[in-house]
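Peer 1: This is what each chain is made of:
Protein chains: 2
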Amino acid sequence: MDLEKIKNPEFLKKLNNEELISLASDIRKSIIEVVSTKGGHLSSNLGVVELTIALHTVFNAPKDKIIFDVGHQSYTHKILTGRYNEFKSSLRDFQGISGYQKMKESIYDCYEAGHSSTSISAACGFLKAQEINGENNDIIAVIGDSSITSGLALEGLNNLSSLKGKAIVVLNDNGMSISKPVGGVSKTLSRIRSSITYTSTKNKFRKVLSKIPFGSKIYVFLRYLKNSIRRLFIETTLFENFNLDYIGPIDGHNIKKMIKALKVAKNSHKSIVVHVITKKGFGYKPAEDDKYGKWHGVEEFDVSTGEFSSSKEKDLISWSEAISNIVYELMIKDSKIVTITPAMIEGSKLGRIFRDFPNRSIDVGISEEHAFTMAGSMYLGGCHPYISIYSTFLQRSYDELCHDVARMNIPIVVGIDRAGIVGKDGDTHQGIFDVAFLRSVPNTVIAMPKDYDDAKKLYEIAFEYNNMFFIRYPRGKIQIVSKRYNNDIYIGKWDIIECKSNSNLNIIVTGPIFDKVCEAFTNENIDANLIFARFYNPLDEKILQKICSNGGSIIIYDIYSTKEGLYDSICEYIVKNNYNPKVINLSLPTDFIQHGNLNEVLSSLSLDISSLINVVKGEI
Amino acid sequence: MDLEKIKNPEFLKKLNNEELISLASDIRKSIIEVVSTKGGHLSSNLGVVELTIALHTVFNAPKDKIIFDVGHQSYTHKILTGRYNEFKSSLRDFQGISGYQKMKESIYDCYEAGHSSTSISAACGFLKAQEINGENNDIIAVIGDSSITSGLALEGLNNLSSLKGKAIVVLNDNGMSISKPVGGVSKTLSRIRSSITYTSTKNKFRKVLSKIPFGSKIYVFLRYLKNSIRRLFIETTLFENFNLDYIGPIDGHNIKKMIKALKVAKNSHKSIVVHVITKKGFGYKPAEDDKYGKWHGVEEFDVSTGEFSSSKEKDLISWSEAISNIVYELMIKDSKIVTITPAMIEGSKLGRIFRDFPNRSIDVGISEEHAFTMAGSMYLGGCHPYISIYSTFLQRSYDELCHDVARMNIPIVVGIDRAGIVGKDGDTHQGIFDVAFLRSVPNTVIAMPKDYDDAKKLYEIAFEYNNMFFIRYPRGKIQIVSKRYNNDIYIGKWDIIECKSNSNLNIIVTGPIFDKVCEAFTNENIDANLIFARFYNPLDEKILQKICSNGGSIIIYDIYSTKEGLYDSICEYIVKNNYNPKVINLSLPTDFIQHGNLNEVLSSLSLDISSLINVVKGEI
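The listed protein sequences correspond, in order, to chains A and B.
All residue numbers for the first sequence refer to my numbering, where the first residue is 33 and numbers rise by one.
All residue numbers for the second sequence refer to my numbering, where the first residue is 33 and numbers rise by one.
Only chain A is shown next, with the shape it has when bound in the complex (with noise of 0.2 Å):
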């Protein structure tokens, strides 16, 4: 099928199922093709073609509402709404299409995420405001069976029977979330996906009772029994448990079947959770057979070989798993250190440290805040926790860190990974707000090395600290061996690197940006002061009194965090000690920055070096 040609999901409900299979094999080529070429989740979209088919015959969208779960699976989705095109040329680039719903890029996409585990409560919002508004459209929450233990999607479904009228709840159940699924909810799924389904279950078991003199009475006695018979036949009353009807589960892969499990739904009057089993990254084999999450998020690769574009660059390594292997060295040394993922071990590099220290590593899944409550008791119980997450997955942990970490002064380490700008991810996924939100936590150190020495050394003094201690890294590539400035680093020491001329222009930079601030400087020839701000708290006064009594400007080049962090920092020694100083703030600014590649993003904010050369020479 021209797939161009699809303007809306109408012409879904004309097609027979033999149309919507040819459909569905064309969407999914096109998919591998596009990832290939661009970027972005294939696992994910490749795993849920039919069922969107199908959620989009059943359904009546936008009047209908159908909300995807972490949004990162919707290109079927996209295709079915009229946006092929942009799809194909634009995917995740800067200022073309999104790799997420967006409510305006279409009518169809009736609600935003990017983080996961929040279409349940969507859902519930949108049933509460049809009820007060006296509506009636169906309410779909497409949740995967990771996303749907996190706390959020919890207490989501704990709500959910409590309010008049009905959403459904489809759970695409892959048994494989990012990487591989944790915990005892998961362990009841998988129980589940294994036995056979709740209608043929009964079937069998009304004829083994029929063979039994008075067999059929015992049916009919048991059924009696405050309805507690259906237990009988189906492993799980989970969501039973949480008040909602269930059906399932349903082969993902067929669409004719999903087809009637989904009417069956439509037409139920209580909310329903839809059991569908779905393969991850369907119908591409290296996607298939991946079991570590490897191609949940991808770059560019070659879909014949099923290599990765990116493998071929040499002598570089990403921050993750340069951070990692920091963190394994520290832990063969040290065996009280234990490691602590919500769900990030593919992401953040941890694959070594799972393997090779499997008592003292644990995937919580995507539970950020039982993560942090659960490290702090850990410390009181004599081990030495270390964290590692995403700076913007941190949001969801800002009470426990604050309430059950920092409160008690307990030391844990934490690694915050993809802080400042992420790239194509876009505005759900950038690391920038987390400085902000930490540096009022009480004692906490906030530090961002600028190379891997750096980082080595910032590690060693964060697991020897009394206090928590957070070392921010960005998304990207380092190189391992780098030059080293200074090998003393302390608590709070930046670095500053004095031009010969005594030059009173002082440029203050924080993160690995810094060794690229210096050669543009040299290669253009600039006298200033540069200076490393190792630790965004606490600051080095001893090098700010310095700069401040010079009586020269101040640039804050920050371009890994909002102004509420190192610069409104600044901003408060400096009025503190009524310095006056011209300061020039070239950080992030409060807002929520768009997808595209770095230097796109950093172009368009006015925040890449050239901008900061410019700025430089106006100074002189």
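Think of the hints as simulated: they come from the structure by calculation, not from any bench.
Any given hint could turn out to be false.
Said to hold, decoys possible - Distance condition first, Cα-Cα at most 27 Å in a straight line; then the derived BS3-like pairs of lysine-lysine:
id : chain 1 : residue 1 : chain 2 : residue 2
1  : B       : K608      : A       : K608
2  : A       : K368      : B       : K196
3  : B       : K368      : A       : K196
4  : B       : K196      : A       : K219
5  : A       : K574      : B       : K574
6  : A       : K136      : A       : K37
7  : B       : K302      : A       : K219
8  : A       : K614      : B       : K574
9  : A       : K196      : A       : K292
10 : B       : K381      : B       : K311
11 : B       : K323      : A       : K196
12 : B       : K302      : B       : K45
13 : B       : K649      : A       : K608
14 : B       : K365      : B       : K525
15 : A       : K136      : B       : K368
16 : B       : K219      : A       : K302
17 : B       : K95       : B       : K288
18 : A       : K346      : A       : K548
In this text the structure is predicted, and so the values were computed from the model without any measurement.
Given chain A, put chain B in place with the hints provided.
Peer 2: Frame of chain A, contents of chain B only:
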């Protein structure tokens, strides 16, 4: 029994059942007496007297770890661990004994909380630490039926069975929570409560079957059927779905039965939930009869009449009630407004709203995350949500208010109750961090009124505003009739009261203390400009410009937020505009502030009005 003589809980193991019952009675009397004179949590503590005795009889604290969720029900625990004298003489007093568990108070307090639903995660952490350190003590989390449905607790439950070793979760089910319990899980628990227990049903069923031919054979057959037989006898498998064992329900006021059940749990090899049914307020009639949570946390009261001492203060109502009245009036006028609370109907005095607008008011339970995500989509669905939440609990919603509301420019209104120092609840409940973490969230307004008229006007403009609007108000009382300095309020507008002599000393004050500051300045005949900073964000740059350029000093007096709130915003303004006034910071310190009454706490921080006056006099 002479409670003063108790040094530790060892003696319990030698008491017989009658002696334990008599001890419970003595402890109960003492709790009623002490709370009636000191204020504190009454109902929750009366509910767990027998349970706490049973716990300390069966387990060996401090080797075994007993974690009380929230910790507000630990009075019996405090008495049994040798703190009766301090409990009696100094409960919740400044520098006295805390109303919660505190590690520095006793080795029997192995953990601390204040916020709900942390205990299961804490148990997980202790369990993992024991595994790594090769220890094998019992770990017990005591958690209420409403706390267990919070996302954090459910994340902990989900993780628990993945860990080696065993923890015991004692579900203290009083069907009550802070107010009434909500949600699907709560309905399930309520069904169990009203049903007969597992053991007795099982026996009855066996009897019934034995009367039917081949009945016993069927019993065996059913048993064989993958153990699903158990599901016939108990109404729930909620905890089994989390892969945990379950026993109960057990009468939580029968010490003997509880000791028996806890011994079963102690011998279990798998993590297990012990479901205990208690009655909140047990033993004190007014608290037993309380359906709305009036007796949850109380001020001083008369034991014989059940009357609260504070109810005698006339012409004053609580800030919570005043704000609730304002919202009530707005809900009459605007049918789109929907009020949402996370379990604080009584705490935030929302009873009248819930009674008169049953369809437009939602208690989501202890689900602060869900509250915000749901509110966001409810707005997209055509309603105008208002969330009423305590400042300290707003911490749990940081990610959702940022990612699911602000990011999509959704204009919900949020009333932040208990902003600032909360008094006797202490460090876990201080509402002091919200301005610091909210002001870096893009597109938000943060305001705090000085009086009733101000609050009314702020709520009016909040519901007209096109983005998220936070209105903070403190714990404490308010006079309904108050002076009004300025009728014309718009976003960002502060008030300035200039002195006749054209003073260049400028005092910027936030919140309801402003009137008292005015009064004190008049009494002391102080010559200064008093500025009321109604908005934390945005600032009134017109007024700031005026006072920054008049060459004098600025004192920032903000007793409702840490310095990363208003003080840092003003520092940023000053540096950005290259002013150089002398600025004195009288904001709350970046610290966890201890319990005690408001004046004592402020005075200890040198932030009471006399301290301000002294600072001001030093500047004249």
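Peer 1: Could you run down the list of hints and mark each one as holding or not?
Peer 2: So, going through the hints one by one against the coordinates:
no.: 1; hint: B:K608 to A:K608; verdict: 15 Å, holds
no.: 2; hint: A:K368 to B:K196; verdict: 17 Å, holds
no.: 3; hint: B:K368 to A:K196; verdict: 17 Å, holds
no.: 4; hint: B:K196 to A:K219; verdict: 15 Å, holds
no.: 5; hint: A:K574 to B:K574; verdict: 34 Å, violated
no.: 6; hint: A:K136 to A:K37; verdict: 21 Å, holds
no.: 7; hint: B:K302 to A:K219; verdict: 15 Å, holds
no.: 8; hint: A:K614 to B:K574; verdict: 21 Å, holds
no.: 9; hint: A:K196 to A:K292; verdict: 25 Å, holds
no.: 10; hint: B:K381 to B:K311; verdict: 23 Å, holds
no.: 11; hint: B:K323 to A:K196; verdict: 24 Å, holds
no.: 12; hint: B:K302 to B:K45; verdict: 25 Å, holds
no.: 13; hint: B:K649 to A:K608; verdict: 20 Å, holds
no.: 14; hint: B:K365 to B:K525; verdict: 25 Å, holds
no.: 15; hint: A:K136 to B:K368; verdict: 24 Å, holds
no.: 16; hint: B:K219 to A:K302; verdict: 15 Å, holds
no.: 17; hint: B:K95 to B:K288; verdict: 23 Å, holds
no.: 18; hint: A:K346 to A:K548; verdict: 19 Å, holds
Checked against the numbered hints given earlier, this structure breaks only hint 5.
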